[in-house]
Amino acid sequence: MLHVKDLTAAIGDKQILKGLDLDVGAGEVHAIMGPNGSGKSTFAHTLAGREGYEITGTVTLDDADLLEMEPEARAAAGVFMGFQYPVEIPGVNNMYFLRTALNSVRRTRGETEVSAREFLSTAQEAMDLVEMPKDFLHRAVNAGFSGGEKKRNEILQMAVMQPRLAVLDETDSGLDIDALRIIAGGVNALRGPERSMIVITHYQRLLDYIKPDFVHVLVDGRIVESGDHTLALHLEDHGYADFVNHDLDASGRPLSGATS
Amino acid sequence: MNSTATAAAPELPTKRDEAWRYAPHADLAQLTFGPGGASAAVPAELEAQIPVFDGPRIVVVNGIVDPARSELATSITGLTLSTVADVLTTEPESLTRHFPTDAEPVDAFAAFNAQFGRDGAVIRVAAGATIDQPIHVVDLALPGAGHNTSSTGVVIEIGEGSEATIVETRLGHGTESGGANVRTTITLHDHATLEHIVVQDAPPAQISLSRVDVTQGANSTFRGRSFNLGASYGRVAHAVVLAGAGAHAELSGLYFGFGDQTLDQQVDIVHAAKDCSSRQLYRGVLDDSSTGIFSGGIDVQPGADGTDAEQENHNLLLSDRAEANTQPRLEILADDVACKHGATVGQLDETALYYMRSRGIPAAEARRLLINGFADQVVDHVSIDALRPWIIDRLGHADA
Ligand SMILES: Nc1ncnc2c1ncn2[C@@H]1O[C@H](COP(=O)(O)OP(=O)(O)O)[C@@H](O)[C@H]1O
Ligand SMILES: [Mg+2]
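Just so you know, the protein sequences line up as chains A and B, in that order.
The first sequence begins at 27 in this note's numbering and counts up by one.
The second sequence begins at 48 in this note's numbering and counts up by one.
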């Protein structure tokens, strides 16, 4: 499914990703953990197609070269990124936004567009999944949403888009335990043999709900350790001290609470 | 044929006149004014451009009411529609506010209009009447041989406790230079409510000048909307006097420029009585090398205690050659005044564009969604359902 080989990304003089390798098979859930500033969000954005990076290496999804594609083409190819900081778009109605998104990828794939009525039932299911209030569809995208609502909206969008590869960037940060449960429930409901997920998190606690097939530790732009879910437990007890140089220990602890 | 006024022509404003600072003075100097032009043929294309909604319509072509396209006879109770030319003959004294004899015109264009704008629409609503259908005044400018810039008058009087909605659409046709100079005088009696919408979409060869003077009685409500979209220089000026206690004025406007358009909004709200409130909410979208101007005055006169005034102007620049000039002008000479103002000039939010594209929305569509989202916050103020799609459709064309 997804193959990442020797991926580097820089902004200006700053080298952020320094040769990252990752293979994600169909239906697998991979967790990526790592200290603040290690490049987790940058990795997610290189998959989603944000401009402004100088990139080398290869990234393929189902053998298609992702790095050559515009963000909208990647979405049509099945990439979905849940943003660490979902963007507020005042004046753009949620329902219109979602339907435009869904129909845009369907058009690109040569599928028929969904009618307003069909869309409503799709949206309603997605809203039920993350327990969104009824008026939600009529509000502007993320505008004035609470932190938890924004994160739930990311999962709702994922449910509508039904991606092939979901990259969830700290979708759990800043959530109370109830919201975390809702988010995790949504993610688990969307797991399937044809859908792969990369779950980026700072905290072991999300992985109590979403049990990953693999856990990777990203430090300073490289994956330095990979294992099964017990690796996350090890990190909880010991922090990243085993993987980072000692100067970074303090900020490198996964339970320090700070996010970036 | 119509001749240009020469005798004692009023002096044109210059860059030193604050209200005309960014106007294209050389182009304005090329305009010539005279009595209403001989009725020109209205091309089908132009006819098709006119927004359509239920309600009586008065069409003015080159400054003269076109009887074939207008419906002056109305069965709506409390509503009287006439032409300025007729009322000047039958009861000229009823038009003294529009043609004052005791006050100097505010500028040369108001003076030209007072001199030559001897036709147009007179809309009167009797006391205690609610007019459900919007009244549409359509001003068409067709410059050509013997006619350059039309002068049109619109006089609106809303009786005590009455309610009405009036749309003034300004359109034109052709590639000849010239344009329209329209002056509207509105009187709201006590407890009257008026929604008044100016939609300006003249062709790029033309200049469109609009001036709206409003006087409000006690507890009246004026909702003024302006959509300043067309013309090489499109100007919509509002001067509102809150003369009676408890009056409320709410002005909103959208200007959407491209090419090398200059779109100018001049707003003056005078709080002359106690406990009045006013709102100004203007948004500009400026592409290519267009220029947008918002100059908003709040003038709180001595004794106008309890004034509550707010002003907001937001601009979206779509090109690095576009320009927005925004200026609040506040003068507060009363006590117990709440006054707020704020202005922003920004660009399309790149992060929002990326977010939308990451959801599969193509870049051009994402841009359009963001721009329309910004503009909709003014379009949504329009109460006439049938007019909103016309405006949105027009914005879509501008962005294409
Ligand atoms: N736009 C940018 N310009 C310069 N440096 C950046 C930019 N974005 C991220 N960085 C830097 O790259 C590093 C990795 O950032 P990020 O990918 O956000 O880390 P993480 O998500 O793991 O906390 C950090 O040192 C950060 O400061
Ligand atoms: Mg991050």
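Calculated from the structure, these hints are not laboratory results.
Glycine included, each C-beta is placed from N, C-alpha and C at the ideal position.
Mixed in with the good hints there might be a few duds.
Stated by the list, open to error - Examples of chain A residues lying across from chain B (beta carbon under 7 Å, computed):
id, residue
1, M27
2, H29
3, K31
4, Q41
5, L48
6, A74
7, A101
8, A127
9, G218
10, P219
_Let me make sure I understand: some of the numbered hints might not hold for this structure. Which ones are they, in numerical order?_
Per hint list: 1, 2, 3, 4, 5, 9, 10 violated.
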